[in-house]
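Chemist: Sequence:
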Amino acid sequence: MLAGVSLAFALVPVWLAWVTWRDARNKDERLFEASAQLLAEQLKHGLERNDYFLGALRERAQNLDDTALVAGRLAPPGFDLPRRLPHLLSFGFAAPENGQLKLRWRSAARAPIPAPDEILPAGETYMANGRRLFVLVPAKGGSPMYSARGSIVGWVDLDSLCRDDSIPMIRDHVLTVVPLGESEALPANARRATLREPAPPWGIAIARGERFSEFYGPPAPWLAFVAVGLSTVPLLVLASLASRAARLRTELAAEQEVASQQRFFTQSVSHEFRTPLGVILSGTDLLDRYAEHLTPERRREVLAEIRTSTRLMTGMVEGVLFLGRVESGKLACHPLPVHLAELCRDIERKVAATSGADAAISVAAPDREANLDAALVGSILENLVSNAVKYSPPSKPVSLSATVENGRVIFIVRDEGMGIPADELPRVGDPFHRCQNAGGVPGTGLGLTIARRCAELHGGTLALESTVGLGTTVTVNLPAA
4 MLAGVSLAFA LVPVWLAWVT WRDARNKDER LFEASAQLLA EQLKHGLERN DYFLGALRER
64 AQNLDDTALV AGRLAPPGFD LPRRLPHLLS FGFAAPENGQ LKLRWRSAAR APIPAPDEIL
124 PAGETYMANG RRLFVLVPAK GGSPMYSARG SIVGWVDLDS LCRDDSIPMI RDHVLTVVPL
184 GESEALPANA RRATLREPAP PWGIAIARGE RFSEFYGPPA PWLAFVAVGL STVPLLVLAS
244 LASRAARLRT ELAAEQEVAS QQRFFTQSVS HEFRTPLGVI LSGTDLLDRY AEHLTPERRR
304 EVLAEIRTST RLMTGMVEGV LFLGRVESGK LACHPLPVHL AELCRDIERK VAATSGADAA
364 ISVAAPDREA NLDAALVGSI LENLVSNAVK YSPPSKPVSL SATVENGRVI FIVRDEGMGI
424 PADELPRVGD PFHRCQNAGG VPGTGLGLTI ARRCAELHGG TLALESTVGL GTTVTVNLPA
484 A
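The numbers in this note's numbering rise by one with no breaks, and the one at position 470 of the sequence shown is 473.
Some hints here could point you the wrong way.
In silico DSSO-like links for lysine-lysine, alpha-carbon gap of 30 Å or less [said to hold, decoys possible]:
| no. | residue 1 | residue 2 |
| --- | --- | --- |
| 1 | Lys105 | Lys47 |
| 2 | Lys30 | Lys47 |
| 3 | Lys105 | Lys30 |
| 4 | Lys393 | Lys353 |
Pair ranges (Cβ atoms, derived) [to be verified]:
| no. | residue 1 | residue 2 | range |
| --- | --- | --- | --- |
| 5 | Ser398 | Thr311 | 14 to 24 Å |
| 6 | Arg28 | His176 | 14 to 24 Å |
| 7 | Thr313 | Gly75 | 23 to 33 Å |
| 8 | Glu187 | Asn29 | 24 to 34 Å |
| 9 | Thr253 | Leu473 | 20 to 30 Å |
| 10 | Pro171 | Pro369 | 41 to 51 Å |
Rather than coming from a laboratory, the hints here were simulated on the basis of the structure. Just so we're clear, the structure is a prediction, and the values are computed from it rather than from any experiment. From the three backbone atoms N, C-alpha and C, an ideal C-beta is built for every residue, glycine too.
From just these sequences and the hints, can you work out the full model?
Modeler: Structure below.
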C-alpha cells in the first residue's frame with residue numbers, strides 16, 4: 004500500500020509535465036494560425052493596390068479613342084510606379100478580335116518575364132510560369148457613349164510578393180511564404196491561404212520561419228518539464244506561459260487592427276473617388292459628343308458639375324496627404340510668435356474666398372501674440388470655420404473667437420446651422436464619416452479628423468457640442484508655449 008501511494012505521488016509531476024507540454028503546443032499552434040491569417044491579409048492588401056492602379060488605367064482608357072489606345076498611349080498616373088507597386092512587372096491592353104482577346108501592346112517590363120502569348124485566355128486570371136496575369140475589362144455604361152473595347156491587363160510577380168521586405172513578419176523571417184500551384188501538395192507544417200478566388204486560385208503556403216521561436220518562444224518548454232518532475236516549478240512555468248500568451252495576443256490584436264485600418268482606408272478612398280469621377284467622366288463625354296445639341300444653360304450646368312467634382316477630389320487628395328503626414332509622424336509642431344487677431348482675420352478671408360457663401364463670419368481676437376505653430380493652427384481653424392459656413396444657412400451667423408487664459412489659447416468656432424444628431428457624435432472625427440443629415444452638401448468627411456489630429460499634435464484638445472437644428476460649438480484648447 005505504501006508503495007502504491009509513493010508511486011501515485013511520483014506520477015503527479017509526470018502528469019503535470021504532460022499537461023504543460025500539451026498546453027504549450029496548443030498555444031503555439033493557435034499563435035501560428037493567427038500570425039498566418041494576419042500575414043495573408045497583409046498580402047491581400049498588397050494585391051489590392053495593383054487592382055486599384057489597373058482600375059485607374061481602365062477609367063483613363065475610356066477617354067482615349069481606339070487608335071490611341073491600341074498604340075499604347077495610355078499614360079500611368081504621375082507617381083513613382085516601381086516604389087509604390089514593386090510587384091507589378093508590366094501592364095498593357097488587349098482587344099477582342101474574332102471572338103478572342105488579342106494583346107495589342109505592353110509596357111516595358113521592370114524584370115524578366117515570360118514572353119506573353121498574342122492570344123490571351125478568357126476569364127479574369129491565369130497563371131504563367133509562376134507569375135499571375137489578371138484582366139480588368141472596362142465597364143459598360145448605360146448609354147451608347149460607353150463601350151467595352153478591350154481589357155487592361157497586368158503582370159504581377161507572386162514570387163516577389165511572397166518576399167516583400169516591407170512586411171515585418173517576412174523581413175524578420177518569422178514566417179515564410181511560397182506560391183502554391185493548384186495541384187501542388189501543401190508542405191509539412193504549413194498553412195494554405197488563398198489570395199484571390201477566381202480559377203485558378205492564387206494560392207500560397209505559409210510556414211514557420213527560422214526566427215519564429217526566437218520571437219514567440221519555444222513551443223515545448225522541455226527544461227520546464229524536467230523541473231516539473233523534480234519540484235513544484237510547474238506552477239511558475241504555467242504562469243510564465245500565460246503571461247507570454249497574453250503579450251502575444253495583445254501584439255497580434257494590434258497588428259490585426261493596423262491591417263484592418265489599412266484595408267478600410269484604401270476601400271474608403273476608392274469608394275469616395277467613384278462619385279466625382281463618374282460625374283466628371285459623364286460630363287466630359289456629354290460635352291464631347293453632344294455639345295452642339297445642348298443649350299448654353301445646360302453646358303454651363305455640366306461645366307459647373309465638373310468643377311465642383313474636381314474641387315471635391317482635390318480637397319480629398321489634399322486632406323488624405325495631410326492626414327497621412329500627421330499619422331506617419333512626418334509633421335512636427337514648431338511654435339513661434341503668432342499675432343492672434345491677424346491669424347483669425349486671415350482664416351476669415353480664406354474661407355470667404357473659397358466657400359463663396361454669403362454668410363458673414365464674425366471674428367473676435369485679442370491684439371497680442373502667442374507662441375503657436377501657425378501651420379497647424381491655421382489648418383485647424385480653416386477646417387472648422389469652413390464646416391461651420393458649409394452646414395449653416397446664409398442667414399445664420401458664424402463666429403470665430405480667441406482668448407488667452409493661464410498660458411493657453413482657446414479658440415471657439417460657433418454656428419447656428421443644422422447641428423449633429425446625438426447618436427452620431429461618438430463617430431464624428433472618424434475619417435470619411437459624414438452625418439446622415441448632411442444631405443446634398445458636398446464634403447469629404449476629413450475636415451474634423453484633420454482638425455482633431457492637429458490639435459493633439461500641438462499638445463491640445465478639441466471638444467464638440469452640438470444640437471440638431473440649433474448649431475454646433477467647437478472649442479480648441481492649445482498651450483501657448
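Chemist: Would you say the C-beta atoms of Glu187 and Asn29 sit inside 24 to 34 Å of each other?
Modeler: This hint holds: roughly 29 Å between Cβ atoms.
Chemist: Quick one, are Lys393 and Lys353 close enough, alpha carbons at most 30 Å?
Modeler: 14 Å, holds
Chemist: May I ask you to test the hint 20 to 30 Å on the CB atoms belonging to Thr253 and Leu473?
Modeler: Hint violated: Cβ distance 43 Å, outside 20 to 30 Å.
Chemist: Taking only the CA atoms, is the gap from Lys30 to Lys47 under or equal to 30 Å?
Modeler: 26 Å, holds
Chemist: Between Lys105 and Lys30, is the straight-line Cα distance small enough, at 30 Å or below?
Modeler: Status violated; Cα separation ~52 Å.
Chemist: Please test the hint of 14 to 24 Å on the beta carbon pair from Arg28 and His176.
Modeler: 22 Å, holds
Chemist: Does the beta carbon distance between Pro171 and Pro369 stay inside 41 to 51 Å, or does it fall outside?
Modeler: 50 Å, holds
Chemist: Does the beta carbon distance between Ser398 and Thr311 stay inside 14 to 24 Å, or does it fall outside?
Modeler: Once the Cβ atoms are compared, 23 Å apart, the range 14 to 24 Å for Thr311 and Ser398 holds.
Chemist: With a cut-off of 30 Å on the C-alpha distance, tell me whether Lys105 and Lys47 pass.
Modeler: 29 Å, holds
Chemist: Taking 23 to 33 Å as the hint, is the beta-carbon distance of Thr313 and Gly75 inside that range?
Modeler: 27 Å, holds
Comparing the model with each earlier hint shows violations of hints 3 and 9; every other hint is respected.
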